[in-house]
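Heads up: the protein sequence lines correspond to chains A and B, in order.
Heads up, the first sequence stops at 245 in my numbering, and the numbers go up one at a time, no gaps.
Heads up, the second sequence stops at 287 in my numbering, and the numbers go up one at a time, no gaps.
There may be inaccurate statements among the hints.
[Stated by the list, open to error] Pair ranges (Cβ atoms, derived): (1) A:118 x B:117: 15 to 23 angstroms; (2) A:229 x B:188: 14 to 22 angstroms; (3) B:188 x A:137: 47 to 55 angstroms; (4) B:30 x A:121: 41 to 49 angstroms; (5) A:239 x B:224: 32 to 40 angstroms.
[Said to hold, decoys possible] Derived contacts from chain A toward chain B, CB cut-off under 10 angstroms, selection only: (6) 33; (7) 64; (8) 118; (9) 127; (10) 152; (11) 164.
Since the hints were made in silico from the structure, they are not lab data.
Yeah, the Cβ is synthetic: ideal placement off N, Cα and C, and Gly gets one too.
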Amino acid sequence: MKTGVPVAVSFVAGLIMVVSFFFNEETTKVGGLSQELLNWLIIVGGFTLLLGVVSITRVNWSGVRQKKEGWIYKVFTLISIFAMALPSLLPESWSPLFGRSAGSIYDWLFVYLQAPMMATMFATLAFYIASAAYRAFRARSAEATLLLITATLVMLWRVPMGEAFLNLFPGDIPAWLNTYIMNGANLAVQRGIIIGAALGASSMSLRIILGIERTYMGKG
Amino acid sequence: MNIWERMQVIDRRWVYLMVALAVIIPFIIPMKFPISITPETQSLYDAVEALPDSSNVMLVFDYYPSTMAETEPMAVAAARHFFSKDCRVITLSNIPLGGPSMAENVTRLIAEEYGKVYGVDYVNLGYKYGYVSVLKGMGQSIESIFPTDNSGTPLSELPIMDSVVNYDDIAFIFEVADNATADYWIAIVNAGYGVPMGVGATAVMAPKFYAFVGAKQIVGLLGGMKGAAEYEILIDQKDAAFKGMDIQSLVHLLIIGLVVMGNVSFFFGRRKRSREKS
């Protein structure tokens, strides 16, 4: 029962979606059914977000109650979640501080706390990348040398100062890089990767629809 | 220990200091090197420019706050271009973490510049879970997926939505993304419904989208901050990306310099070690 029902649901839902691709969404029943399934997905997905909030609250609250190591950070996590979520859920008609519009508590916390913190975390990557490039990016083999030269040329091309430097040399190097590296070698490789990933996704979907792949149920 | 070996074990804090200086110096001394326009940016600009005035367009904010430095200038430039052509702009996001807020703040700010009115000239649909379902569902009816806007106002009460039912009524989609949602917009909306699309992507993602430009699935591409700066030049509104190019120039050159230094020290250090062995 625990295995059979999810496999059957996956099979039927998957089959409807595959078959509906060949029918008109608006004029056929199969098309309409697929649209209905997609609406269900949005609703179920909304509940998974709720489940996530419940789960993170339970885990962190039990950590706080038991005074586990780093419990003070769990307190901040809980305060942060509810400080952002609760005012955003209350109707704007009660107060301009509620809801998610400009000037609300949610918007203020997002603009002045969350966005700068996330941007700062991401910006620190520049320091690590510079340090890692200095220590690890070595021309140890022919392939690594090729990668290094290409990366250097593209990095130069993508900034005005580098482009001005490349223009000091004869021949239109920036145009050559765009034509032969980005729209040549890169494009060909990217297409290969995209097609390969699509084939992989298709075969994985087929395995799930046919009940061969069951890891989504926590089973091998 | 000779100089090459010492260079290989340099304290990483010196590298951090150099990066910090490379970021700070252009703020004090602007360099203003000329920025050339790539064909991908030019074709995206031309496609938007060719839209009939007052067209219905979608501007999609599929990026997280972490990449705002690269992506937000693209969204700002796109919003300016659309509003300057009196397009009716529909914004939405597939990013729960701040997407709707960024859409709200950017469009509100730019709309004020052009004297545009919310609900008449632009609307923010907000976020809805499950981008595959959302993108596919809007093909049938946008209102069935987003019954209300981001503030909870029913779409039926907003005049801008009077002439919009589904993708048939959308003339162009401008997707600004730092993640895989752009792939789904191309695969589902462009391929399935034939809506012309342009993509603004972070610099690390941009190489992937050359394949879609080549296949004419997207009309053009803005790659990273450079792409945004190019678009700012084209619409004659030099802003954050244009200013950021000096900083990016210096940091790129610093990283290239560090890679060269690292390799030089590595090879000379290796030569010394092999000499000592023999």
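These are the hints, each one checked on the structure:
1. Between residue 118 of chain A and residue 117 of chain B the C-beta distance comes to about 20 angstroms, which sits within the given range of 15 to 23 angstroms.
2. Hint check: residue 229 of chain A to residue 188 of chain B, Cβ distance near 20 angstroms, so the stated range 14 to 22 angstroms holds.
3. The hinted range of 47 to 55 angstroms is not satisfied by residue 188 of chain B and residue 137 of chain A, whose Cβ atoms lie roughly 24 angstroms apart.
4. At roughly 44 angstroms, the beta carbons of residue 30 of chain B and residue 121 of chain A sit within the given window of 41 to 49 angstroms.
5. Between residue 239 of chain A and residue 224 of chain B the C-beta distance comes to about 36 angstroms, which sits within the given range of 32 to 40 angstroms.
6. For residue 33 of chain A, the suggested interface contact is broken, since its CB lies about 21 angstroms from the closest CB of chain B, more than 10 angstroms.
7. Interface restraint check for residue 64 of chain A: the shortest CB-CB distance to chain B comes to about 7 angstroms, inside 10 angstroms, so the restraint holds.
8. The interface hint given for residue 118 of chain A holds, since its Cβ lies 9 angstroms from the closest Cβ of chain B, which is under the 10 angstroms cut-off.
9. The beta carbon of residue 127 of chain A is positioned within 10 angstroms of a beta carbon in chain B (closest approach about 6 angstroms), and the interface hint is therefore held.
10. With 10 angstroms as the threshold, the beta carbon of residue 152 of chain A comes within range of chain B, its nearest partner Cβ sitting at about 5 angstroms, so the hint holds.
11. Taking 10 angstroms as the C-beta cut-off, the interface hint given for residue 164 of chain A holds, the closest approach to chain B being about 6 angstroms.
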